[in-house]
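As given, the protein sequences belong to chains R and B, one line each in that order.
First residue of the first sequence? That's 3 in the numbering used here, and the numbers climb one at a time after it.
First residue of the second sequence? That's 92 in the numbering used here, and the numbers climb one at a time after it.
Take these hints with a grain of salt, some might be off.
Below, simulated DMTMM-like cross-link-like pairs (lysine to aspartate or glutamate); rule was C-alpha separation at most 25 angstroms, straight line [as the list claims (entries may be wrong)]:
1. B:Lys119 x B:Asp156
2. B:Lys122 x B:Glu144
3. B:Lys119 x R:Asp25
4. B:Lys122 x R:Glu32
5. B:Lys122 x B:Asp185
6. R:Lys99 x R:Asp331
7. B:Lys148 x R:Glu23
8. R:Lys288 x B:Asp185
9. B:Lys122 x R:Asp33
10. B:Lys151 x R:Glu23
11. B:Lys122 x R:Glu65
12. B:Lys157 x B:Asp102
13. B:Lys148 x R:Glu65
Pulled a few chain R residues facing chain B out of the computed Cβ check, cut under 8 angstroms [said to hold, decoys possible]:
14. Asn9
15. Leu11
16. Val13
17. Ile29
18. Leu36
19. Val39
20. Pro40
21. His43
22. Lys288
23. Ile291
24. Gln295
Everything labelled a hint here was simulated from the structure, so no lab data went into it.
The beta-carbon is built from N, C-alpha and C at its ideal position, and this holds for glycine as well.
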Amino acid sequence: MTGELLNTLYVQTQGVYLRLEGDTLRIQHEDVTLRNVPLHHLGGVAVFGNVLISPFLLHRCAEEGLEVAWFSESGRFQGRLSGPVSGNVLLRRAQHKALDNPSQTLYLAGRFVEAKLKNSRLVLQRAVRERGETEALALAIAEHEAALRMLPQARSVDEVRGLEGQAASAYFAAFGDLLLSGEFRFDGRNKRPPRDPVNALLGYIYALLVTQCTAALEGVGLDPQMGFLHALRPGRNALALDLMEEFRAWWADRLALSLLNRKQLTPKHFEERPGGAVLLDEEGRKAVIVAFQSRRQETVQHPLFKEPVPVGLLPHVQARLLARYLRGDLPEYAPFVGR
Amino acid sequence: MDRVDILVTYDVNVTSEDGQARLARVAKVCKNYGQRVQMSVFECRVTRAQLEEMEAKLLKIIEPDKDSLRIYTLVGGRDRCLRVHGQDRYTDFDDPLVV
Numbered sequence: 003m004t005g006e007l008l009n010t011l012y013v014q015t016q017g018v019y020l021r022l023e024g025d026t027l028r029i030q031h032e033d034v035t036l037r038n039v040p041l042h043h044l045g046g047v048a049v050f051g052n053v054l055i056s057p058f059l060l061h062r063c064a065e066e067g068l069e070v071a072w073f074s075e076s077g078r079f080q081g082r083l084s085g086p087v088s089g090n091v092l093l094r095r096a097q098h099k100a101l102d103n104p105s106q107t108l109y110l111a112g113r114f115v116e117a118k119l120k121n122s123r124l125v126l127q128r129a130v131r132e133r134g135e136t137e138a139l140a141l142a143i144a145e146h147e148a149a150l151r152m153l154p155q156a157r158s159v160d161e162v163r164g165l166e167g168q169a170a171s172a173y174f175a176a177f178g179d180l181l182l183s184g185e186f187r188f189d190g191r192n193k194r195p196p197r198d199p200v201n202a203l204l205g206y207i208y209a210l211l212v213t214q215c216t217a218a219l220e221g222v223g224l225d226p227q228m229g230f231l232h233a234l235r236p237g238r239n240a241l242a243l244d245l246m247e248e249f250r251a252w253w254a255d256r257l258a259l260s261l262l263n264r265k266q267l268t269p270k271h272f273e274e275r276p277g278g279a280v281l282l283d284e285e286g287r288k289a290v291i292v293a294f295q296s297r298r299q300e301t302v303q304h305p306l307f308k309e310p311v312p313v314g315l316l317p318h319v320q321a322r323l324l325a326r327y328l329r330g331d332l333p334e335y336a337p338f339v340g341r
Numbered sequence: 092m093d094r095v096d097i098l099v100t101y102d103v104n105v106t107s108e109d110g111q112a113r114l115a116r117v118a119k120v121c122k123n124y125g126q127r128v129q130m131s132v133f134e135c136r137v138t139r140a141q142l143e144e145m146e147a148k149l150l151k152i153i154e155p156d157k158d159s160l161r162i163y164t165l166v167g168g169r170d171r172c173l174r175v176h177g178q179d180r181y182t183d184f185d186d187p188l189v190v
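Can you build the whole structure from these sequences, using the hints too?
Shown next as structure tokens:
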């Protein structure tokens, strides 16, 4: 059911060259070969900043459906290789029809937000259990419960977004209380550019995660831009962002917290740029990627299937469930809710 | 799909006709499926289908009366079957690959 979890190669060393050598990918820096990786081990390649990829390697990746994604050196998503359009045209047509159907759009937007609320609440409740209640935590949990109660009555996607927004602002108001080390503070979410280390870290992990969600959707033949909760905008992978809502708190935020709380990242891993932007440095980015990859390989019990699933395959499992719902094979879409 | 760790070793008779060329071609096939851990020793993590494919390619290259090819399946994975001493150039391609 779940298929194989192939590895992603992350290249963040500046100035390297990736090329095809037979059926292997060769990473070269000037004339030195840093590594050879047989292509059959790879499901994707993510490159950061100044990394060159040879045309033949790109052709091969397009041909074999290997996901190639480009990020800025600081981790901002820039673009993605898209091979020949594949997948099922009937599925994409079902997806478009669902978007034109207000009740189906509302239903799906509601399911994504429901999962987000439940998973965020879980992160908050776990903190209360482990470290005791604070005012902000109690308030945020109450906000989530209120939003979950009101969600089934929402009459429009805008109302769903409103409930989500309210809960999210309470969540981020309490997020600072989840940091154990006194070395980091968090005073609310900011982005483009992030202005403090915690926001820099969150932004970086979200960028990694959205690529996973995009790849998963494309893997089952869905159009990642055609979203239900997120408004359509050229160049925006709205459906990938929808799907990511299920995983933000449970996967990304918890990973960020554990990196900071276990002091795997310290203030020296962040650098301030002119203008007040704060970014992870090269060593910090490497630590994040290693932690992100290890997390992908851990297995969890999927609530729907009684078998263990690698975390990295969860977006694929959800994408498949979504496709089956859109096709009409399943009467409901069950979003991922962790424990 | 399940994957297995295999060990591929070979001797190619380089003094025979086209020996050097065969040696290079054998190495090239092995590189496409795994990694060189010693001069004529490769470790590969492959699916059953890839193993069949690789074996078929190698059998087309070697001369059975001059060369020797051995493929060992490491049952239970290399972690259980292998003790390494001295230089080790193996990379686990299932570990986070960050360069």
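Right, here's what the structure says about each hint:
{"no.": "1", "hint": "B:Lys119 x B:Asp156", "verdict": "holds, 21 angstroms"}
{"no.": "2", "hint": "B:Lys122 x B:Glu144", "verdict": "holds, 14 angstroms"}
{"no.": "3", "hint": "B:Lys119 x R:Asp25", "verdict": "holds, 9 angstroms"}
{"no.": "4", "hint": "B:Lys122 x R:Glu32", "verdict": "holds, 21 angstroms"}
{"no.": "5", "hint": "B:Lys122 x B:Asp185", "verdict": "holds, 17 angstroms"}
{"no.": "6", "hint": "R:Lys99 x R:Asp331", "verdict": "holds, 15 angstroms"}
{"no.": "7", "hint": "B:Lys148 x R:Glu23", "verdict": "holds, 17 angstroms"}
{"no.": "8", "hint": "R:Lys288 x B:Asp185", "verdict": "holds, 16 angstroms"}
{"no.": "9", "hint": "B:Lys122 x R:Asp33", "verdict": "holds, 19 angstroms"}
{"no.": "10", "hint": "B:Lys151 x R:Glu23", "verdict": "holds, 21 angstroms"}
{"no.": "11", "hint": "B:Lys122 x R:Glu65", "verdict": "holds, 21 angstroms"}
{"no.": "12", "hint": "B:Lys157 x B:Asp102", "verdict": "holds, 9 angstroms"}
{"no.": "13", "hint": "B:Lys148 x R:Glu65", "verdict": "holds, 22 angstroms"}
{"no.": "14", "hint": "Asn9", "verdict": "holds, 6 angstroms"}
{"no.": "15", "hint": "Leu11", "verdict": "holds, 4 angstroms"}
{"no.": "16", "hint": "Val13", "verdict": "holds, 5 angstroms"}
{"no.": "17", "hint": "Ile29", "verdict": "holds, 5 angstroms"}
{"no.": "18", "hint": "Leu36", "verdict": "holds, 6 angstroms"}
{"no.": "19", "hint": "Val39", "verdict": "holds, 6 angstroms"}
{"no.": "20", "hint": "Pro40", "verdict": "holds, 6 angstroms"}
{"no.": "21", "hint": "His43", "verdict": "holds, 4 angstroms"}
{"no.": "22", "hint": "Lys288", "verdict": "holds, 5 angstroms"}
{"no.": "23", "hint": "Ile291", "verdict": "holds, 5 angstroms"}
{"no.": "24", "hint": "Gln295", "verdict": "holds, 3 angstroms"}
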